[in-house]
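Chain residues, written in single-letter form:
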Amino acid sequence: MPAEVYALVDVDSMYASVERVFRPDLRSVPVVVLSNNDGCAVARSREAKALGVAMGQPWFQLKNNPRYRSVVALSSNFALYGDFSARMLAVTERHTPFIHPYSIDEQFLRLPADRAGAIAWRLREQIGQWLGLPVSIGIASTKTLAKVATKIAKDRREGVHDLTAASPKSVWQVLDELPVGEVWGIGSRLTARLAGHEVTSAGQLARLDPGWVRRAFTVVVERTVRELAGTPCLPVEQEPSPRRQLMHCRMLGRPVARQDEVADVACAFAQRVAARLRRYGRATNTVCVWLSTGGGFYAGPALSVQATQTLLAPTNAVVPLARAAARLARALWRPGHTFRRVGVMALDLVAEPGQQALWASPAADDAVAAAVDAITARFGRDAIGVGRAGFRQRPVWAMRQERLSPAYTTRWDQLPVVR
Amino acid sequence: MVPAGFPSPAEDYYDGPIDLDAHLIRNPAATFIMRISGRSMEGVGIHDGDEIIVDRSLRAGDGSIIVAVLDNEFTCKTLRTDPPRLEPANPDFEPIPIPEEGITVWGVVTTVIHHVLPGGAHAG
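These protein sequence lines are chains A and B, in that order.
Just so we're aligned, residue 1 is where the first sequence starts under the numbering used here, counting upward by one.
Just so we're aligned, residue 1 is where the second sequence starts under the numbering used here, counting upward by one.
Just so you know, not all the hints are guaranteed correct.
Derived, one-sided and incomplete: chain A residues facing chain B with beta-carbon distance under 8 Å [said to hold, decoys possible]:
1) SER28
2) ALA50
3) LEU51
4) TRP130
Footprint (simulated), chain A over chain B, 3 or more residues, beta carbon under 8 Å [as the list claims (entries may be wrong)]:
5) 30-40
6) 51-61
7) 110-119
Derived by calculation from the structure, the hints in this document are not laboratory data.
All residues carry an ideal CB built from backbone N, CA and C; glycine is no exception.
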């Protein structure tokens, strides 16, 4: 057995679960969280899935169908989800310095093989009690297999599933029963191509000759084959991209303590995020920045904080994203701390806007933003806006968030009320 | 497994302004701030409109002031174990017996923030 294994910590129905922390009345109610504009379901609680609510199902279909009468729908509250994601990181940082946050609700950890199970159970208990979030944890010798293990932990409601504790025979059985399309990084197009070679299960894929796979497909698929067979070979940069957020979160090669250094790092990371957004034809409405001193394994005062900013309009341009990230990092920075982990996350991804040229000048952007802020602070949110947002009448396409929960953890005026 | 990290002079010699967060919050990941509504805990200095600091990582015992979930709402009371009940700190309110199946302890209250300047520190 290798000295180290991978664990994947995955929050069960993250958005719905976070909403429930402050809404005990929603505990056993089917909950869906809607995309911005309240358009369609982007997250579903277990109960909502059981009712047959589909991922991406438009809200108008749900709300007029008596079958879904019991469903409670909420707008996406990214500031709240980002806060809980950072809290989760702070908890895992107590157990290992080797953490790779993969998306808002998933973190890969590297753990010592002999204690991985015990740490996973402890972590699950802490995240459950401290944050109120249910998580499933999969343990395996590679990240791709850890994804499989997490799926098993979720499907069987086991909490933690450790594939390294299973016999090779039962691991192969698991892989043989898993449709190839459910393997991490195998999308619908690859699934179809693999079917042409009569490869329909993860087990069949894992048994292919890696050299042949590299020639017939790509080196990326070859890595997947090797990972399924138990050889870790997936560098962070080559991981399949999560669909709903993009994150660039790294341990720094050299820790930083100065405010301008922290801002520089966030700025650089935001540019990586922007580049990936453009590659996938996506844009973001919401930027989230994490700063952490690295957790209990390091000397000095500990701090793990995050902040979220909603942008005027979705973008994948470097300048506005980098500027927002740098500003958030500056605001989060505290003197006397040495920061070792920085993350920039694009939440709330939307299709790339068709045209972006209107507000392209950075200097003008700043002046406009400052003027808009000053005017709205004095005369209210609808007093002025950029472009057609300036219409006093709320335009029909303005972001609809009629079902938005309060900013329970980030605004003094929206704290949860206790009687 | 003790990564040595990198030495930083900032860690050794930093002496900055008083940090209220560090003073009041032992476990930031598990700590939430909530707002009190009502007068049931006035006897222990928790007043209507006060902010309370709630740590979910602490274990509640007899005498702990807790936030519990009661009828799907949050309520702040003192936990008493014999007999099991939620005790208000105001003679106008009755103790609430804890049913056999138990209740959910949401978190343990560690601190009350009570603003004495009308409107709080930012007033005027």
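We went through each hint and held it up to the structure:
For SER28(A), the suggested interface contact is broken, since its CB lies about 11 Å from the closest CB of chain B, more than 8 Å. The beta carbon of ALA50(A) is not positioned within 8 Å of any beta carbon in chain B (closest approach about 21 Å), and the interface hint is therefore violated. Because the beta carbon of LEU51(A) sits about 21 Å from the nearest beta carbon in chain B, more than 8 Å, this interface hint is broken. Of the supplied interface hints, the one on TRP130(A) holds, with its beta-carbon coming within about 4 Å of a beta-carbon of chain B, less than 8 Å.
Interface restraint, the stretch 30-40 of chain B with chain A: holds (9 residues with C-beta to C-beta distance below 8 Å; minimum three). Counting residues of the stretch 51-61 of chain B whose C-beta lies closer than 8 Å to any C-beta of chain A gives 4; at least three are required, and the coverage claim holds. Only when three residues or more bring their CB closer than 8 Å to a CB of chain A does the claim for the stretch 110-119 of chain B stand; here the count is 0, and the claim is violated.
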